[in-house]
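Read top to bottom, the protein sequences are chains A and B. Take 121 as the starting number for the first sequence in the working numbering and just add one per residue. Take 121 as the starting number for the second sequence in the working numbering and just add one per residue.
Any given hint might turn out to be false.
The list makes no distinction among identical chains, and a pair is therefore deemed to hold if it is satisfied within one copy or across any two copies.
Stated by the list, open to error - Computed list of lysine-lysine pairs in DSS-like fashion (alpha-carbon distance at most 25 Å, straight line):
hint, residue 1, residue 2
1, Lys361, Lys453
2, Lys260, Lys312
3, Lys241, Lys252
In short, the hints are calculated from the structure, not lab data.
Protein chains: 2
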Amino acid sequence: MSKLVPPHGGGPLKPLLVEPTARQDALARAETLTRVPLSSRELSDLFMFGMGAYTPLDGFMDQADWRGACVDMRLANGLFWPIPITLSCGHGTAETIAEGDEVALMDEDGAVVGILRVAEKYTIDRALECEKVYGTTDEKHPGVQKVMEQGDVNLAGPVAVLSEGHYPETYKGLYFRPAETRVMFEERGWSKVAAFQTRNPMHRSHEHLAKIAIEIGDGVLIHQVLGALKPGDIPADVRVKAIDVLVENYFVEGTAVQAGYPIEMRYAGPREALLHALFRQNFGCSHLVVGRDHAGVGDYYGPFDAHHIFDTLEEGSLVTQPLKIDITFYCRKCDGMATGKTCPHGEEDRLNISGTRLREMFANHETVPAEFSRPEVVEVLQAYYDSIG
Amino acid sequence: MSKLVPPHGGGPLKPLLVEPTARQDALARAETLTRVPLSSRELSDLFMFGMGAYTPLDGFMDQADWRGACVDMRLANGLFWPIPITLSCGHGTAETIAEGDEVALMDEDGAVVGILRVAEKYTIDRALECEKVYGTTDEKHPGVQKVMEQGDVNLAGPVAVLSEGHYPETYKGLYFRPAETRVMFEERGWSKVAAFQTRNPMHRSHEHLAKIAIEIGDGVLIHQVLGALKPGDIPADVRVKAIDVLVENYFVEGTAVQAGYPIEMRYAGPREALLHALFRQNFGCSHLVVGRDHAGVGDYYGPFDAHHIFDTLEEGSLVTQPLKIDITFYCRKCDGMATGKTCPHGEEDRLNISGTRLREMFANHETVPAEFSRPEVVEVLQAYYDSIG
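Bound conformation, chain A alone:
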């Protein structure tokens, strides 16, 4: 019997991807249906449904679930869920759709990627969603902006996912579905597995976080965000290469697994940290490393809001627990890696290099200190910056 944490809700995984044998029929049927274009966020959520990461949801949320997720972090049936997963369309499209209809879901290129059976059409109070989920209605917040820009009508109902997009092909050897990471963990005899989420290459501070997770568990899942990122972010293939050389040279064999998943960041800070923990449970992870300002952006959240929110949950909301770690850095006086919780020294002893300064160093071919990033990692990144230079 598996000793891994159970999927969220306690039942089996629920990947909503249609079996290959049924896909052609479904695509043919979709030809005749009203087409609803997906935003990049909605598309990434569809892929999350497809792979089973949003188990036990059957599809996009109806109004009761939307409101529950926003206000109480609970679906109408009581299940813990901290962020609404919704689909929208414009008024014009909505008028052509009746409840009970099937609609075809389209990606940015117009390809059909799924079929939704519309159980409910409804409108939402966007300000409520933004206030509750993002803690702000400021449209400069990238997550808020997407809510404000979405269509006026939400379409709810079960989805049949017909495509995983370019992910399985583009990220071969990295794109692993929850059922697959579970098998990987079981093959390694792991039960206590921490997910380390990253959308960046791993420098020594990230290595330190991952290694704390390894110390107290069986291994770490280095879990890359493969969905749309912020401009200036390093592409996933370069990140993978940089992480590969790090793991090869600095990790004990069999203690780290790399994988990626197709979510698009909402930058909802504490609420998103909860969602990240929730679907990590589906991937089989007992813990999620939650660092400083997890899933944050700008100054919208306090540095440890994403730690504290876990303490407010009712017992049993999540099986997967946070592994809360303070800000992490190299300290000269400690003569090693440390965190705000273990280093008593001052800012002047700590090696901090901002993302902007780091990019500048690469642009100028300055030497990035080995205390900040492993030389093997620097080499991969320098080659990337040279290639786009």
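Assemble chain B onto chain A, guided by the hints.
Below, chain B alone, put in the same frame as chain A:
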């Protein structure tokens, strides 16, 4: 309400030290009683009873509890207890004692330190105890040796403890009873507290262990063994001083508490690791750092036997859990502290200095590398070695 782990057995702490007001009467009564001298191990166990560390025991074990502790790690009433806590005397003395009698317990100087009401006299199969608890009957094992040397008759029954010996005086500011460490933790708002047990000064590897514990909890209890040690061990006052300078210079204020307790090591390896976890629960610790060869001696135990034994326990045996950490060292390639679980490099990259070699370095005033021990700690130890030189 306290969020600390409950005392072992789930009831209140049971310190067996008699109230000061009743002590004079008890001492006067003891004058008339048969006197039973305690071995140094028995005396240290009496002090453990006195401070409440062996909660919920009422005194030295009877035959059923002795056998249960040896064979099943359970008392007759089912309570988990991994090592028998017994008192012995010679045949001659035993013949003068009837079940139901009170006897006076004496320390090495002949001072009365407690009163035992004898509930049972019994003899044991020493080989069984040694085999089950120590995994060997080899009399070169220091724990086995003490069992083999003890008196032929065990005396069981509840004890009234009349003295804590020299500990409260000698270790003022360090000798804290379970009720006191619990208050210290509560004052600091801690609930997840790991005990780091040491009978040595703390070098960087020990600092690393303690800091892993701090990362994942609220704080660490640096818990010194104050009972009799092996010859060549550094005296407790020097250790305290060396640990003080380490904590002052390298720990964040409010993350570490120092305390000491009067146990004498049995060197029973895995079984003793369980006992260490058990009474740490009484002190209010949710975790015990269990390193390589915890409580071991010589080659009697595999390096991780004390890790594995925790996996064999029935659910609910202990609330306090092990924080299992591999061998810890400075690695040149990692450029920092690491463990066998996080460092993939070879022995040649790791800085290991044996106890013997370290003493030699101090004797010769060689420079101890800062990667092995903090300069402030080295200074304290050098002064000590110079003083005994």
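Do the hints match the structure? See the list:
{"no.": "1", "hint": "Lys361 - Lys453", "result": "between (32 Å within a copy, 20 Å between copies)"}
{"no.": "2", "hint": "Lys260 - Lys312", "result": "neither (39 Å within a copy, 39 Å between copies)"}
{"no.": "3", "hint": "Lys241 - Lys252", "result": "within (22 Å within a copy, 70 Å between copies)"}
The structure does not agree with numbered hint 2 stated previously, though it agrees with all others.
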